[in-house]
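Novice: Chain residues, written in single-letter form:
Protein chains: 2
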Amino acid sequence: MKTIDLMHGAGGAIFAELLGKTLTAYTHNNAGGIGLEALDDGAVIPINGSNIVLTTDSHVVRPLFFPGGDIGRIAVCGTANDLAMMGAKPIALTCAMIIEEGFEIPQLERIVKSMDEALGECGASIVTGDTKVLERGALDGIAINTAGIGITEKPVRDCGLKPGDVIISSGTLGDHGLAILTAREGFDLGEQIHSDVAPVWNIVENAMAAGDVHAMKDPTRGGFSNAINEMAEKSGVQVRIREEDLPVRRSVASASELLGINPLDVANEGKVIMGVAANDAEEILAAIRRSKYGQDAAIIGYVVEGSSVIMETSIGGERFIEPPIGDPVPRVC
Amino acid sequence: MKTIDLMHGAGGAIFAELLGKTLTAYTHNNAGGIGLEALDDGAVIPINGSNIVLTTDSHVVRPLFFPGGDIGRIAVCGTANDLAMMGAKPIALTCAMIIEEGFEIPQLERIVKSMDEALGECGASIVTGDTKVLERGALDGIAINTAGIGITEKPVRDCGLKPGDVIISSGTLGDHGLAILTAREGFDLGEQIHSDVAPVWNIVENAMAAGDVHAMKDPTRGGFSNAINEMAEKSGVQVRIREEDLPVRRSVASASELLGINPLDVANEGKVIMGVAANDAEEILAAIRRSKYGQDAAIIGYVVEGSSVIMETSIGGERFIEPPIGDPVPRVC
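Chains A and B are the protein sequences, given in the same order. Start counting the first sequence at 39; every next residue gets the next number (my numbering). Start counting the second sequence at 39; every next residue gets the next number (my numbering).
Misleading hints may appear alongside valid ones.
If several chains are the same, the list does not tell them apart, and a pair holds so long as it fits within one copy or across any two.
[What the hints assert, rightly or not] Below, a list of computed lysine-lysine pairs in the BS3-like style, where the Cα atoms sit at most 25 Å apart:
#, residue 1, residue 2
1, 40, 272
2, 40, 151
3, 40, 330
4, 59, 330
5, 59, 151
6, 192, 59
What the hints contain is simulated information worked out from the structure, not anything from laboratory work. Quick caveat: nothing in here was measured; it's all calculated off a predicted structure.
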């Protein structure tokens, strides 16, 4: 009997197989715009001339509270950022909680407060919800699902890269995954690594106003390596990344080396990878750097004809950037 | 330390307290239309002249497969029906699954197939999703969240009852709760009780075309008793129900008596309670009876000035119908 294993949930290649065969086997999978078949960050439903974007994420991160954030902040930002990745301003979110009997109400209150603060940053509201309580032992604590709608004049896809485009990262990579891992394992690495969990709509809005954004994706589960490979494959292009231009914090690089983890393979929760028109790249970069969470933005590569993702290494070599088999950090979001 | 207990998830009075104090403590709770503060079946967000309805439900029913349905059918119908309760045609749904390591993939395939069939009946599509996998022991099997959007020209509320209105039930009451309970406990009651889980949009559409529907609610967790009390309280009216007109299957009544459960206190998953203009009541009733899942519809009561819900008993007496403290059947949806 084939069964689900942890790698099925890690956002990498094994998950993609399950997704392709089982979890997308709906014949009713599109409501007229961009549907499930696109496997983008969200769907687009045209309603009376408006492009409504719809997306969802369930959140099971552990620990519930970690340096730089908590499950509540991730629950709001995760969904708001998926809307932003489609070029949509987040408007309204749902919140459905599944809670284990015995969960402490003051913890719940702290989570709700954190969600409310994140909503304020996003400019969105939680407008409806649902709550289920499971008997002790049926769930380890709490799981939070959010879904959300946004609106966009022009949807942005993850498959829109064109040869000649420039690749921008809105900031440093690997922060969230390493923050979770070091917090969970109690490693003392000198400097505390903080999660980057934050809403990115402000970055996206500023970038789109400054020039032509062809493709976007947020590098969550599976990290940058997974996101950039999906973008390249879906767009039918080759992406070339310059290693020396990749923004990675020193503390994140050190912890990664110590733990034997590639910081490009772990989740970020407040970053955007964009492909933009080369002529607009400097203006878009400047616009991102003016945004609240975009100060460390960098141009990290470019798009050519071909396939796969190539790293141009600091010492003048080349190697593939492969999508990870799975995220090396389980329950990261 | 105050902690969550099972009654907090049962949709009754204890849950209402948690909901009022903790789970609705968002300052960002409305996106311009009907928001979280209304605690209705869904929210309404006006976008460029359209009324977009948004709703969500997480599904944790046990067993996963039961007479008359399964968790997949409930996951689609639960959300589609909440949209219908706001007067909205279901358009697009999300599907977010949390799955325990070791879950059998053929079971997952069976659930997806059931969801797809229910979507076909609803006329809606699953357009986007999310999947998380938890380590063995962190969840007992699977939890499925769906959220959905629909569109309505004129939202229908649960607070719109007016003195003089007639109360209609679209069919028999208590079927789902008793089906789950008897299936779970393995009771042999002679006749198998089947869940009523089904999409009700067709009922709602026909009813609204036939006359003036003032208020709707689907009697899920907490059953008819909870739904009708919420409608009466929010509308500021008294509802009077005639016991002899309440449609309850004989098998459901027998099982309820045997188990000491009130069939009006347990969940239905394919029913609507409506308050309609008295002049339109017969036409609306006929329209509901022409609908696929509305053959057993009945006029069951009426609305007067005052407060609370009164049962006019078969033997000529009167008693209150109280909202249950909690649903006597845990994990019913």
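Novice: State for each hint whether it applies.
Specialist: Hints, verified against the model:
Taking identical chains as interchangeable, the C-alpha atoms of residue 40 and residue 272 are never at most 25 Å apart, the minima being 29 Å within one chain and 50 Å between chains. Taking CA atoms no more than 25 Å apart as the test, residue 40 paired with residue 151 passes between copies only; the shortest distance there is 17 Å, against 41 Å inside one copy. Proximity of residue 40 to residue 330 under the C-alpha cut-off of 25 Å is found in neither arrangement, the shortest distances being 46 Å within a copy and 38 Å between copies. With identical chains, the CA atoms of residue 59 and residue 330 are never at most 25 Å apart, being 40 Å at best within one copy and 33 Å at best between copies.
In this assembly of identical chains, residue 59 and residue 151 lie within 25 Å of each other by CA distance solely across copies; the values are 12 Å between and 39 Å within a copy. Within a single copy, residue 192 and residue 59 get their C-alpha atoms no closer than 30 Å, and across copies no closer than 40 Å, so neither meets the 25 Å cut-off.
Hint check: violations occur at hints 1, 3, 4, 6; the rest are consistent with the structure.
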